[in-house]
Amino acid sequence: MVVSFKRLACATALAGLAMTTATAAAEIKIGIVAPMTGQLASEGQDMENAVKMAIDAANAKGGVNGDKISTTTADDACDPQQAVTAGSKLVSEGVTAIVGGYCSGAVLPTLKIYGDAGVPFVIIGANSTKLVAANQGNAFLANSTGDMQATTAVDLFKKNGYKKIAVIDEGDAYSSDLAKLTAEAFKNAGGEIAAKETTTAGEQDYSAVVTKVKSSGADAVFWTAYHAGGALLTKQLRQAGFQGGIVLGDGNNSPEYLEIAGSAGEGVFLLSPPTVDLLSGAADFKAKYKEAYGRDAGAYAALSHDVGDLIVDAIARAKSADQKAIIEALKASDFKGLAGEIKFTDKNTLQTSNFRPVIAKGGKWVADE
Amino acid sequence: MTLDLVIQQLVNGLIVGSFYALIALGYSMVFGVIKLLNFAHGDIYMSGAFVGLIVFSFVGVWVGNGWLGVVCALLVSMLAVGLLGVVIERFAYRPMRNAPRLSILITALGASMVLNGSALALTGGRHFAFNTDLGFAGLDVSAVHITYTQIVLVAASILLMAGMQAFVSRTMYGKAMRAVSIDMGASRLMGIDVDRVIALTFFMGSALAAGGGVMAGAYYGSVHFFMGFIMGLKAFTAAVIGGIGSVPGAMLGGLLLGLLEAYGSSLPFVGSEWRDVFVFGALILFLVFKPTGLLGRSVVERV
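So the sequences go chain by chain: A and B.
Take the first sequence: its letter number 134 is residue 134 in full-length UniProt numbering, and every next letter is one higher.
Take the second sequence: its letter number 54 is residue 54 in full-length UniProt numbering, and every next letter is one higher.
Hints in this document: simulated from the structure, not taken from any laboratory.
Certain hints may be false.
Unchecked claim - Which chain A residues face chain B? A few, computed with CB under 8 Å, are given here:
#1 V209
#2 A228
#3 E259
#4 I260
#5 D284
To be verified - Quick list of in silico lysine to any residue cross-link-like pairs, SDA-like style, CA-CA up to 25 Å:
#6 A/K290 / B/V6
#7 A/K164 / B/V6
#8 A/K324 / A/Q351
#9 A/K164 / B/L3
#10 A/K163 / B/F128
#11 A/K290 / B/F128
#12 A/K187 / B/E273
#13 A/K324 / A/A134
#14 A/K196 / B/G163
Stated by the list, open to error - A few chain B positions that, by computed beta-carbon distances, are all more than 12 Å from chain A:
#15 L5
#16 A49
#17 L83
#18 I106
Glycine included, every Cβ here is placed at the ideal spot set by N, Cα and C.
Work out the full structure: start from the sequences and follow the hints.
Shown next as structure tokens:
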């Protein structure tokens, strides 16, 4: 009697255990990978907030396929080594899909991890063309790639009559890639590259580079890296009396750029990703974001929010949490979000470029007509 | 290189070099007295810039964004961050003073991370604008425009360093500092309050770094939590080149490093991406061939 009672207790406990694991497995978990610390922590915070906002909205409507969605965030610090750790952590936690990725240099080594595990991965910010080559078919680039930006840049140079360009990058995968692509595209279009310089991230003094650019006789500067350096470079170029045009890559789209550059930023061109301020339908999102997180939505907030919606949409269309089905669903995406259309090519990149040139006027970015 | 380019790079090198020198001085003084490479020093510089920015935005309401505001910010920040240095020494380094050298080195790394992480948590990783209104007026040397701001900046850092040198070589406390640096135990026996001398060293070193931070923030117009990292590394390099432990060595090392960067990156066929190669290449060469630096004296290793 005693023995059988023990057996019963054992069986009940086992059954209970099996039930809890079963419910845990049914829950859909989305991994968010973004720089939560380091130089670009501010962008990472925006990405996490905006994706969570989209997921929370989906959960409020009852989740997807009847399951609630949870999120887990891993910090890649925009550092390749830490990104590998963060990526392995997400995979071992058994996430259904992963979204995020800001710095191409940090995303690149993780593609193999996600690819081997077969996890669907939608990349929000990172857009180096190297990512396209390393993609195993499970990753999707929701931002326009570097070569699309290079084309937009060359069009802008030609439109403004720039003939000699100085290209400056920060030496990381993203900015050096964009610098190289733009330099090639501009040469092919008959332009001249007066100087090609590289700075160190986190540095405050750009005087040596500024002096070289000035003496190279360039009539415009193209800065391909991020806003922190961009603002300092702009300021120091103008202080040194550089009169030519200044064009910035998409990494500079931050209100901080205009704050720091101040009056030196006036008239500067920016190849902008689809940010909230430039999108007609995003006013509501902007207000909600500010209310929820007490800060302004940064450059990639709208796109991050779209990607959050996109992944929910893909899981709904896949009708299951099966990763292969989700990847197929993502391939067939025909999604219209705040930041525009998301449809993928056969290489899982965007079909249409989402870059648009804007100009700084009166301390604000406005569309360049 | 044309003459204009030579003069322009001289100006560039002297400005960035005086920042390196100010920070290197604190590194050197602390190393001289307790043989610790204070890795938190770059973060002290960053803290100084932030305190300066806060003070500047408060006093700016009354005195405007001109020189007076910057000077107020400089003085308050030097005092406050000097005290921060003393607090760090008291709670992080003093309990470790008799521990093996490696332990205290790791404590210094920890202190650096605490400062850096707190700044990140408090600022959310944002870059803050330090908008001063110092004007563009200045002198024209050949085709090179040198603003009064740049002249004042270099002069102020030389003045601060000269004051420090005078303090160390002329005053009673300076003498006590040198005594502690030579033999801590014997100094204690001679009636020197060693703890107090070490605290004073940290105060002065940190105040100098804070001064550098405020000046850099005001000059470049931007402050962020990561700004101390590269600066810390370069100042360490400057301290090694000049001879770690030596006050005039730190000044010389800083200025030389600034000039090396400026001229190195403007050599023909050498891109600016080689700038840090020159800097850290010089560090390695000095560590291998002349670890005592240009003006340092050899330190007897106490094991």
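Comparing the hints with the structure gives:
1. V209: Where the cut-off is 8 Å and the nearest Cβ of chain B is about 5 Å from A/V209, the hint holds.
2. A228: Result: holds, 5 Å to nearest chain B Cβ.
3. E259: At 4 Å from the nearest chain B Cβ, A/E259 passes the 8 Å test, so the hint holds.
4. I260: Status holds, d = 4 Å.
5. D284: violated (24 Å)
6. A/K290 / B/V6: violated (50 Å)
7. A/K164 / B/V6: With Cα atoms ~23 Å apart, A/K164 and B/V6 stay inside 25 Å; holds.
8. A/K324 / A/Q351: The given pair, whose Cα atoms are some 22 Å apart, holds under the 25 Å limit.
9. A/K164 / B/L3: Distance ~24 Å between A/K164 and B/L3 Cα, so the pair holds.
10. A/K163 / B/F128: violated (35 Å)
11. A/K290 / B/F128: Judged against 25 Å, a Cα distance of about 19 Å means the pair holds.
12. A/K187 / B/E273: holds (22 Å)
13. A/K324 / A/A134: holds (19 Å)
14. A/K196 / B/G163: Roughly 42 Å separates the two Cα atoms, so the pair is violated.
15. L5: At roughly 6 Å from the nearest Cβ of chain A, B/L5 sits no farther out than 12 Å, so the non-interface label is violated.
16. A49: violated (10 Å)
17. L83: B/L83 is indeed farther than 12 Å from all Cβ atoms of chain A, at 25 Å.
18. I106: Correct as stated: the minimum Cβ-Cβ distance to chain A is 20 Å, above 12 Å.
In the structure shown, a violation is registered for the earlier hints numbered 5, 6, 10, 14, 15 and 16, in ascending order.
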